[in-house]
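Generate the whole structure from the sequences, applying the supplied hints.
Protein chains in written order, with our numbering: chain H, 5 to 287; chain S, 68 to 279.
Hints in this document: simulated from the structure, not taken from any laboratory.
A virtual CB, placed ideally from N, CA and C, is assigned to each residue, including glycine.
Take the hints with a grain of salt, since some may be wrong.
Not the full set, but computed from the structure, chain S residues with beta-carbon under 10 Å of chain H [claimed, not checked]:
1. R104
2. A119
3. R160
4. Q212
5. P214
6. G243
In silico contact screen, one side only, chain S against chain H (beta carbon under 10 Å); selected entries [as the list claims (entries may be wrong)]:
7. R111
8. R141
9. V222
10. V226
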Amino acid sequence: MKSAPTTSPATRRPRSRRSTQPLALEGRLADLGATAPGGLRASVLARVGLADTWAELPSPLGTVGIAWNGRGVSWIGRVDDQEAFEEHFRSTIGRPLSRVAEVPEPLARAVARRLGGDRRARVSLDLRGHTPFEVAVWTKALEIPRGEVRPYGWVAAEIGRPRAMRAVGTALSRNPVPLVVPCHRVVRSDGSIGQYSLGGPEAKHAVLASEGLDMAQLEADTRAGQRYLGSATTRVVCLPSCHHAQRITARHRRPFATLGAAISAGFRACRDCRPGSGVILAA
Amino acid sequence: MRTVLWSVMDPDIALVGRLAADLDRAFPALVDAHADRLYSIALRCLGLTGDAEEVAQDALVRSYRALATYDPDRILSLRLRPWLATITINLARNRRRRLADRRPASPLEPLLTGGFDVRAPDSAGPIALAERHESRQELIQALSQLPLTMREAIVLRHVDGLSVADTAAALGRPEGTIKAQVHRGLGQLRRALTAEAPTGASAQPHTSEMTA
Numbered sequence: 005m006k007s008a009p010t011t012s013p014a015t016r017r018p019r020s021r022r023s024t025q026p027l028a029l030e031g032r033l034a035d036l037g038a039t040a041p042g043g044l045r046a047s048v049l050a051r052v053g054l055a056d057t058w059a060e061l062p063s064p065l066g067t068v069g070i071a072w073n074g075r076g077v078s079w080i081g082r083v084d085d086q087e088a089f090e091e092h093f094r095s096t097i098g099r100p101l102s103r104v105a106e107v108p109e110p111l112a113r114a115v116a117r118r119l120g121g122d123r124r125a126r127v128s129l130d131l132r133g134h135t136p137f138e139v140a141v142w143t144k145a146l147e148i149p150r151g152e153v154r155p156y157g158w159v160a161a162e163i164g165r166p167r168a169m170r171a172v173g174t175a176l177s178r179n180p181v182p183l184v185v186p187c188h189r190v191v192r193s194d195g196s197i198g199q200y201s202l203g204g205p206e207a208k209h210a211v212l213a214s215e216g217l218d219m220a221q222l223e224a225d226t227r228a229g230q231r232y233l234g235s236a237t238t239r240v241v242c243l244p245s246c247h248h249a250q251r252i253t254a255r256h257r258r259p260f261a262t263l264g265a266a267i268s269a270g271f272r273a274c275r276d277c278r279p280g281s282g283v284i285l286a287a
Numbered sequence: 068m069r070t071v072l073w074s075v076m077d078p079d080i081a082l083v084g085r086l087a088a089d090l091d092r093a094f095p096a097l098v099d100a101h102a103d104r105l106y107s108i109a110l111r112c113l114g115l116t117g118d119a120e121e122v123a124q125d126a127l128v129r130s131y132r133a134l135a136t137y138d139p140d141r142i143l144s145l146r147l148r149p150w151l152a153t154i155t156i157n158l159a160r161n162r163r164r165r166l167a168d169r170r171p172a173s174p175l176e177p178l179l180t181g182g183f184d185v186r187a188p189d190s191a192g193p194i195a196l197a198e199r200h201e202s203r204q205e206l207i208q209a210l211s212q213l214p215l216t217m218r219e220a221i222v223l224r225h226v227d228g229l230s231v232a233d234t235a236a237a238l239g240r241p242e243g244t245i246k247a248q249v250h251r252g253l254g255q256l257r258r259a260l261t262a263e264a265p266t267g268a269s270a271q272p273h274t275s276e277m278t279a
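Here it is, written out as structure tokens:
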């Protein structure tokens, strides 16, 4: 960094740290360069989505870790082991990740409202780097209302890939933002709960219970052959957890084992839960 | 001659190649290479440390968003130094305009806009440092008194070290205009410095007040 005072203005940044002589004016101007504050780099990279920050956040499953950048929420995971959380993020997403004290208030509030079932709460998601199929599966899962469940085959049929049930399961298990993208609302068609990335079947039970769904009852009904529920008054048949089905009074409930049986009995499929999706293979 | 040598050694040429090939992978290197100079340009045009940080940050974010929409050929043809300087200068101007509209006058205002530098001084010998710091403050003060167009030209040409051609390109003014503005600006600075501190080391009233 030590260089003689220079009079040549075109030489890049002549710097004199020790000279007590007044430098030529051009040299003194060149010496007015400053060092950017330390946090600037990290802020820029975070804002453009090339680096992420994370903090802890309360959830129906206790404290979870949430990572985000300028484009949106990029990761939600368990934080029993913080190093494992960071390692899992880096190995999957491949961006630098740094910890901050807390989630910024607007984001924390939006996520809390989302998890509380407010679908108007906007939470941007950063799903770059994932396959179009995975994003299609997760986008479909976002349509399932709180407190309701759909079979894997339903998701597969709804995204136009009725035979890709297994791939749907794999995509859901890779959901980087569980809870916000409600992969826990997708269950097996036999009514059993299936796998869950955020802590296994027990955790899945717990989240669904927190949304007011009696999973044990649903499983028992399915096992007893009640896979669809029709209303004797409206003649509409639903998936059992559909909010329309849940409003049918006991007296008017008409359970069906297959959709075909319901249609033959003069029922039409609900336009909200679309029980017809995914039955092509099952029927 | 010098400019030819410069373009051969210019690390930005390799950098635009990397940006064109993989923007996300190369962008952190752009931040590393240009953050200090963009911060310096903003700081010397605005004189307020906090605002300069925001301007430099916004400029880099904007450059990323622009690059993301450019095709590789357009990125390859970019000259990063003047291009980034233009973005920074424009944001600094907007910021200055907004501050002028909103900020109520306060007793500290003349000192702050007068370019008092609140950064911690560099580490160096205490006496040399004190003298250097003082003459630096005088220069910053004098610079902040220049009319904005003249100051922008001086900052890009001599603080940032752009060539006359690049300064002209960055500011969208003819080279002749830049030469004249720089020449007149240097003259004004010299007059201001000799008028205020003939020895170059005597304390200026407001500077000593602020450092005390």
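Now for the hints, and whether the structure bears them out:
Checking S:R104 against chain H by beta carbon gives a least distance of about 7 Å; that is within 10 Å, so the hint holds. Against a cut-off of 10 Å between C-beta atoms, the interface hint on S:A119 holds, since the closest Cβ of chain H lies about 8 Å away. For the restraint placing S:R160 at the interface with chain H, the shortest Cβ-Cβ distance is roughly 19 Å, beyond the 10 Å limit, so the hint is violated. A hinted interface residue such as S:Q212 counts as satisfied when its beta carbon comes closer than 10 Å to some beta carbon of chain H; here the least separation is about 14 Å, so the hint is violated.
At about 16 Å, the closest approach between the beta carbon of S:P214 and any beta carbon in chain H exceeds 10 Å, and the interface hint on this residue is violated. At about 18 Å, the closest approach between the beta carbon of S:G243 and any beta carbon in chain H exceeds 10 Å, and the interface hint on this residue is violated. Checking S:R111 against chain H: minimum C-beta separation of about 6 Å stays under 10 Å; hint holds. Given the 10 Å rule on beta carbons, the hint for S:R141 is violated: about 18 Å separates it from the nearest Cβ of chain H.
A distance limit of 10 Å between C-beta atoms decides the matter here; for S:V222 the minimum to chain H is near 8 Å, and the interface restraint holds. For S:V226, the shortest C-beta to C-beta distance to chain H is roughly 5 Å, which falls under 10 Å, so the interface hint holds.
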